[in-house]
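For the first sequence, the numbering used here gives the first residue as 172, with consecutive numbering after it.
Bear in mind the hints are in silico, worked out from the structure with no lab data behind them. Where hints are given, some of them may not hold.
[Said to hold, decoys possible] No farther apart than 25 Å at their CA atoms in a straight line, the calculated lysine-lysine pairs in the BS3-like style are these:
1. K184 x K295
2. K176 x K223
3. K214 x K233
4. K357 x K585
5. K537 x K295
6. K254 x K223
7. K357 x K266
8. K184 x K206
9. K176 x K537
10. K214 x K266
11. K233 x K223
12. K308 x K581
13. K266 x K184
As the structure is a prediction and not an experimental result, all values here were calculated from the model.
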Amino acid sequence: MLDIKLIRENPEKINELLQRRSPDLSVNEILEIDKQRRELQVKADNLRAQRKNASQDIGKLKKEGKDTEALQEQVRQMGEEIKDLEVQETELNEKQRDMLLNIPNIPDETTPVGRDESANIVIKTVGEIPHKSFEIKPHWDIGPELGILDFERGVKISESRFTIYRGAGAGLERAIINFFLEVHTKEHGYIEYLPPYLVNSTTMTGTGQLPKFKADMYKCEEEDLFLIPTAEVPLTNIYAGEILNEDDLPMYMTAFTPCFRREAGSAGKDTRGLIRQHQFNKVELVKLCTPETSPDEHEKLTCDAEKILELLELPYRRIALCTGDIGFSAQKCYDLEVWLPSSGCYREISSCSNFGDFQARRANLKYRNKATNKPEFLHTINGSGLAVGRTFAAILENCQQEDGSILIPKVLQKYFGAEIIK
RNA sequence: GGAGAGGUGGCCGAGUCGGCUGAAGGCGGCACCCUGCUAAGGUGUUAUGUGGGAAACUGCAUCGUGGGUUCGAAUCCCACCCUCUCCGCCA
172 MLDIKLIREN PEKINELLQR RSPDLSVNEI LEIDKQRREL QVKADNLRAQ
222 RKNASQDIGK LKKEGKDTEA LQEQVRQMGE EIKDLEVQET ELNEKQRDML
272 LNIPNIPDET TPVGRDESAN IVIKTVGEIP HKSFEIKPHW DIGPELGILD
322 FERGVKISES RFTIYRGAGA GLERAIINFF LEVHTKEHGY IEYLPPYLVN
372 STTMTGTGQL PKFKADMYKC EEEDLFLIPT AEVPLTNIYA GEILNEDDLP
422 MYMTAFTPCF RREAGSAGKD TRGLIRQHQF NKVELVKLCT PETSPDEHEK
472 LTCDAEKILE LLELPYRRIA LCTGDIGFSA QKCYDLEVWL PSSGCYREIS
522 SCSNFGDFQA RRANLKYRNK ATNKPEFLHT INGSGLAVGR TFAAILENCQ
572 QEDGSILIPK VLQKYFGAEI IK
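Please work from the sequences and hints to get the whole structure.
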C-alpha cells in the first residue's frame, strides 16, 4: 500500500513511477476521494467536539438540578447528524483503502524500465552449461524411469499438477530441504520457523495476495483461511501490528513449507514435470529491516540464495526484472534462473524482492526509530532460497549420467546418504 | 463440541449507582539532579492512529471487534473473535 500522504504531496511523481509499470495506472481518482474524505472528517470532528462539550454541560446542569430537556433535544439532533456523517466517512475510508490496496508498489529508481520480460536485464551468468556426449532426458522421463517420481498416480489421487515422490525421490526432496535450511541457518544467520500453512484473510492482505489475487489461492470453504502460496505470507506477517525495537532489526527468517497455488490462468503452460505444480516445496528467506539498510539487505539476501546454486554447482544467472515484470508488491526484484537442459533454457528458481514499506504499511509492521523515537514502517524483503521442486528437476537433468543414473551433488550427499540414484 | 471465567496503555493493575478517565497506582523505559564509586534516592517524561495549522499548538478517534441503548459508554444490552479452567474427543 502506498502512503496517502506521499501521494498527496507528489502525485505527478507517483503517477510517473506507476506508469513505468503500466500506462493505465494513476492516483488521480484516489486524490479526489482523499480530498472529500478529509473535508468530511473536519466537519464530523467539529460536530463531535460540539456534542462532547454539550453533553458534559448537561451533566453539570443536572447536578445543579436544572432542567436540560431543551439542550438534550438539541444534542440528540446533533447525534443524528453525526451518525449520518459517520456513515459517509466510513464509506469514503473504505473506498480509499480499497483503492490503495489495489494499486501496486512504485518501482525503485534502479528497476529497469520496460513493459514485459523482454526488457529484463541479465546481471550475471554463473557456471558452465554442461555439454554432454549423450542426450539428456527431461526430468519427467528420467524420474518415472528411476521410480522416484509418479506423475500419473499423482494426478489420479488429486488432479493434474500434483506429483508423488517415491523412494529415493522422496529422500532427495527431503535432503534438499535439509541442506537449504542448514546453509541458511548455520552460514547465513537466519532463524528457522515452521509456520502455519493456513492463514486468514488479514494476513493474506498484509503481503499483498489479497484483495487482488484471490483467484490464485486455495480457500477453505467453512472458515476464513487460505492455503499459503509461499512462506513469505506467514513469515512476513508474524510481527504484523507490532512495533519492534530498532535493535531487533534486521531480522532474518527462514522456513520450509509446502506452497499451494491454483495456477489459474496457466492452463497449457509447463504441463509436464515438476516445474508448475499446485503444491510444491520451498525454503523461503524473509528479512525485516530499516529503510536505510534495505537495498543492501536485498543484495545480500539474493547472494544467500545464489550461494545455494553455487554449492550445488548448478549453472544459473541473475536477472533484474523490469518495471513491467516485477510483482505487484515489489519495488525491485531479481530472479535467479537455473539451467534446465530439457528446456534448453534458464528457468526461474528464486525470486528475490525488496518491497520497501509497501507490505509493512498493509500489515502495519513498524519499528521504533531510535533517532526520532517515533514508530515508522520498516522494510520487508524476501526470496526463495530456493524452490525445492525445481531444484530437484535441475539436479535430475544437470547431474544425469549416460547410463541414466543421477550423480548427487557433493554437498548434498551427506544429507541424501548416497552418491548416486540409479 | 459442552460448562464456566475473562479480554483496559510496553507489562502488572484500578475503574464505585454510566458524566473532564486516554484512562489512578505500580513496574519498566527515557532525560535531568543528587551522591567519591556502587547501591539507594529526587524531579520530570513516556500510547497509537488520523485531521487542522508555516509553526507554536490543537481537534477527533481508539479500553478484544462490530452493532445497540443514552444528551453522554471502558462502564449497560446484543452478536462475534480470542484467551484461560474443567469435561468430552483426539495425532
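Evaluated hints:
For the suggested pair K184 and K295, the alpha carbons sit about 31 Å apart, so the restraint of at most 25 Å is broken. Between K176 and K223 the CA atoms are separated by roughly 29 Å; this puts the pair beyond 25 Å, and the hint is violated. The hinted pair formed by K214 and K233 fails the criterion: a straight-line CA distance of about 29 Å is larger than 25 Å. Between K357 and K585 the alpha-carbon distance is near 16 Å, which keeps this suggested pair within the 25 Å criterion.
With a C-alpha separation of about 35 Å, the suggested pairing of K537 with K295 is violated against the 25 Å cut-off. A C-alpha spacing of about 14 Å is found between K254 and K223, which places the hinted pair at or below 25 Å, so the restraint holds. With a C-alpha separation of about 47 Å, the suggested pairing of K357 with K266 is violated against the 25 Å cut-off. Straight-line distance between C-alpha atoms of K184 and K206 comes to about 18 Å, which keeps the hinted pair within the 25 Å bound.
A threshold of 25 Å between alpha carbons decides the hint, and for K176 with K537 the separation of about 17 Å falls inside it, so the pair holds. At most 25 Å may separate the alpha-carbon atoms for a hinted pair to count; K214 and K266 meet this at roughly 19 Å. A hinted pair counts as satisfied when its Cα atoms are at most 25 Å apart, and K233 with K223 qualifies at roughly 16 Å. At most 25 Å may separate the alpha-carbon atoms for a hinted pair to count; K308 and K581 meet this at roughly 22 Å.
Only pairs whose Cα atoms come within 25 Å are accepted, and K266 paired with K184 is accepted, the gap being roughly 23 Å.
Of the hints listed earlier, those the structure fails to meet are numbers 1, 2, 3, 5 and 7, in rising order.
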